[in-house]
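Those protein sequences? They're chains A and B, same order as listed. Mapping of the first sequence onto our numbering: position 195 corresponds to residue 195, and the numbering continues sequentially without gaps. Mapping of the second sequence onto our numbering: position 336 corresponds to residue 336, and the numbering continues sequentially without gaps.
Any given hint could be a false lead.
To be verified - Here are the simulated DSSO-like pairs of lysine-lysine, each with C-alpha atoms no more than 27 Å apart in a straight line:
id, chain 1, residue 1, chain 2, residue 2
1, A, Lys442, B, Lys2
2, B, Lys134, B, Lys270
3, A, Lys442, A, Lys343
4, B, Lys134, B, Lys237
5, B, Lys328, B, Lys286
6, B, Lys265, B, Lys134
7, B, Lys130, A, Lys113
8, A, Lys69, A, Lys32
9, A, Lys113, B, Lys134
To be verified - FRET-style restraints, in silico, Cβ to Cβ:
id, chain 1, residue 1, chain 2, residue 2, range
10, B, Leu144, A, Cys44, 20 to 30 Å
11, A, Leu52, B, Gln78, 21 to 31 Å
12, B, Met42, A, Asp399, 24 to 34 Å
13, B, Gln322, A, Leu407, 53 to 63 Å
14, A, Phe384, B, Ser194, 39 to 49 Å
15, B, Arg5, A, Ser381, 55 to 65 Å
16, A, Leu52, B, His197, 52 to 62 Å
17, B, Gln322, A, Asp399, 37 to 47 Å
18, A, Ile416, B, His197, 24 to 34 Å
19, B, Ile174, A, Ala111, 50 to 60 Å
20, A, Ala111, B, Lys237, 57 to 67 Å
Worth flagging that the hints you see were computed from the coordinates, not collected in a lab. Note that CB positions come from ideal geometry on N, CA and C, so glycine has one too.
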Amino acid sequence: MAFNSYSFIFLFLPLVLIVWGCTAHCPKIIRKWLLTIASLIFICYAGPLHLLVLLGSLIGNYILIVLIKRKHPRIFLTIGIFLNILFLGGFKYADFVACNLNRIPGLQIPAMKLFLPLGISFYTFQQIAMLVDYYRNDLEAVSFTDYCLFLTFFPKFISGPLADSQELLGQFRATLPRLCSNNLAHGFYLFSFGLFKKVIISQSFSVIADFSYTNLSGLSASEAWIAMFAYTMQIYYDFSGYTDMALGIGKCLGFELPQNFDSPYQALSIDDFWKRWHITLTDFLRRYIYFPLGGSRKGSLRTCVNILIVFLVSGIWHGSAWTFVLWGVLHGILQVANRLGNKAWERIWKPLRWAVTFLCVNLLWVFFRAPSLSEACTLISRLFTGEFGVSAAFIGAFDFPEITVPLSILGLAAPIYRFITMTVVYGIISWITFMRPNISHKAFIPTTGRAVLCAFLTLYSILSLTGVSTFIYQGF
Amino acid sequence: MKRERSFVRTYLILLISLLVLCAGITVFIDPYFHYHAPLENMSYEYRDSRYMNPGIAKNFTYSGIIAGTSMAANFHTQEASCLFGIQFAKMIFNGGSYHEIGTNIRRALDNNSDISLVIQVTDPTRLIQKADSKFHGIKDAGYLYPWYLYDDNLFTDVEYCFNKTTLIDSAQVILHTLQKTPKFDMNKYACDASNHHYSSSNFTSFNYDLSPGVVQQPLTDTEVQLITENVTQNIIKNALAYENVDFYIILPPYSALYWKDEYEKGNLIKIIDSLALEVSLLAPYKNIKLYSFYEETDITCNLDLYYDLLHYDESVNSLMLQSIIEDKHQLTLENYSSYFEMIREIYMYYDYPCLLNTSSKED
């Protein structure tokens, strides 16, 4: 069940809020289980198999957590990490590995074609983090109730953020919040903006990106640059929108989820970018891979190697294809270069630093989006063909009835007017992206004007739900 | 706290009110006839037929149905009404499967006891398919199938009632009514003849030379089973459920170049045999009559009547209706074997290069 769906907005969320509000005086354990059951229903909506896989992982990891505290902690930690990686690898990477091994002459490993369990990448990483924290005594004893709620908590289940176990469990252990207008106001505010970003803004860029990636060889240089930029914005608003919705829902219930996003396209370096994009994943990788490898404590060469390993893991985590691996490795290389040349980099004129960083991020997103390495290279090569101009078919991909119908009525149906409108709309969105802070970082002041704005944003988004693509990060 | 409470109140009241208003407009105007027939004196515009077909099936007043893929798009209901003496509704599914069309015919039959005649054009390109194939190729093109209009589930109607496109279309209905645009005309519904150029000049780059000795594949047992299930589930089942309704099944006259193309792919015998099988399955039923026009080389070899290998001019649709009234071109259990033998002879050995010199039709 996606946040941007009728069933979630009209049925699930209102019911959960009503039940949460009506059970304010119930014992804590009952409220926790109600929230857990709601989360399990949320997960089960995708299919009972998704739920079964999750429950298997959850119970198995909880047993390991109990065993770590009893005896042979190191052994059980190792087993736990190994089994979790095997679990994730089996579902997500088995066919990818088989497909590549089959290139060896004589080898014919059949594809298993397993379904991808919802949220598996997130909850597997979450549980590995908890095992390690438990082993290091960074985490207090956690009850099965709290563990279940933490892992299944529906606002963050599908695509994060990767909540810090101590932080969120602390909220579950404390007095559970009641429904209050303070939290609801802020929560609705975040949710409405998040929904608008996902359903309207991200979608408006996705039409250009999707059209371009299905017509790569025919793109002019201008179209290729626009397509590249369109996907950069699409994934930004998709993820930013999702995160705001997750934070908003958590806020409505009275819980604080961690920020996952901090205007990454305002970054002045690749290092800065990764401090702003998918912040909780960066945090996870740093704490559970980079630091255990030695971090920056073992010399410059080893530090660079550690960085490359971290980004290799990041690339692999994002998807089972060579494009994701290359995307991760290239980010790693840029990160290493940034580290080595940081002093010189800092002296460069700020706008130029921003431009180079943004350009690098754009180019690397091509590998993230393209279905294959060759198609990624095709798009990049189209950037430099020297053919300019934008075709009517390309402009035609930008087809929104709320824009095309008024233009037709005004007698402005010609492609040039649509292109101008498209440019204005994208220009406004770009200005917001590059110049304004993320909505979740701004202080929330509940005014009537904002309430009216949020109502209209939510209305417009709901009316646009039919025809919206699924979350990009839902496949992780 | 007071400001937050005011925020929540304003947000929820305004949002819910606007949602109710939008849904109310959509339900009242009902641009796709999901709840009722067109409102009197309002000018509804044509939308994608898949969005309108289920509503037409349930809510319009008619005694006859013309259904099928794009092969049936250019039938004129007024002409059919004059010939058959009953009012017709058209239900067209471009590229549709037997399942899609059969299910909608069934929806119409279940909701309208006045129906006495179904004229259904079956598409050979959709014959060798699974019986429950829902649509063909549309999914890959990113088409948003309006399942919520077909499932008779009130809960899924949220996709209709809270849909900006539907709302815009409702606004368009109001606008067109104010502009006194002509009302919804079933006679023109789904017709697309005016969008195409029918001429032999469309085929100048076609290779007319017949490759000698191309091996023709027979129907496999699996394909025989697929055809049997497809026809049984999607046509025969309807005919059996409504024995008082006459079903006229038309095999549409694809152009001769279609047969040439299939010959080159090695499929000509397979397709002819599949059609023969379909006819053998349908002909025994008293309320099913079959009509075929493949032997009409005056049509199939006149490339000025086609804009591609399959799609013919609306004059061919008229001719088909006339033939039904005059009981011509009918296939029966007695004549279908010899008929398809004749078709095989015609298209296996036709002098396709002579089609290069097809004369233009008179203006």
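Each hint tested on the structure:
1. Lys442(A) / Lys2(B): holds, 21 Å
2. Lys134(B) / Lys270(B): holds, 23 Å
3. Lys442(A) / Lys343(A): violated, 31 Å
4. Lys134(B) / Lys237(B): With Cα atoms ~17 Å apart, Lys134(B) and Lys237(B) stay inside 27 Å; holds.
5. Lys328(B) / Lys286(B): holds, 17 Å
6. Lys265(B) / Lys134(B): Roughly 26 Å separates the two Cα atoms, so the pair holds.
7. Lys130(B) / Lys113(A): holds, 23 Å
8. Lys69(A) / Lys32(A): holds, 24 Å
9. Lys113(A) / Lys134(B): holds, 24 Å
10. Leu144(B) / Cys44(A): 20 to 30 Å: At roughly 26 Å between Cβ atoms, Cys44(A) and Leu144(B) fall inside 20 to 30 Å, so the hint holds.
11. Leu52(A) / Gln78(B): 21 to 31 Å: violated, 58 Å
12. Met42(B) / Asp399(A): 24 to 34 Å: Given range 24 to 34 Å: holds, Cβ gap about 26 Å.
13. Gln322(B) / Leu407(A): 53 to 63 Å: violated, 45 Å
14. Phe384(A) / Ser194(B): 39 to 49 Å: At 44 Å between Cβs, range holds.
15. Arg5(B) / Ser381(A): 55 to 65 Å: holds, 58 Å
16. Leu52(A) / His197(B): 52 to 62 Å: Cβ of Leu52(A) to Cβ of His197(B): about 57 Å, so the range 52 to 62 Å holds.
17. Gln322(B) / Asp399(A): 37 to 47 Å: holds, 41 Å
18. Ile416(A) / His197(B): 24 to 34 Å: holds, 27 Å
19. Ile174(B) / Ala111(A): 50 to 60 Å: This hint holds: roughly 54 Å between Cβ atoms.
20. Ala111(A) / Lys237(B): 57 to 67 Å: violated, 37 Å
Hints 3, 11, 13, 20, counting from the list given before, are not met by this structure.
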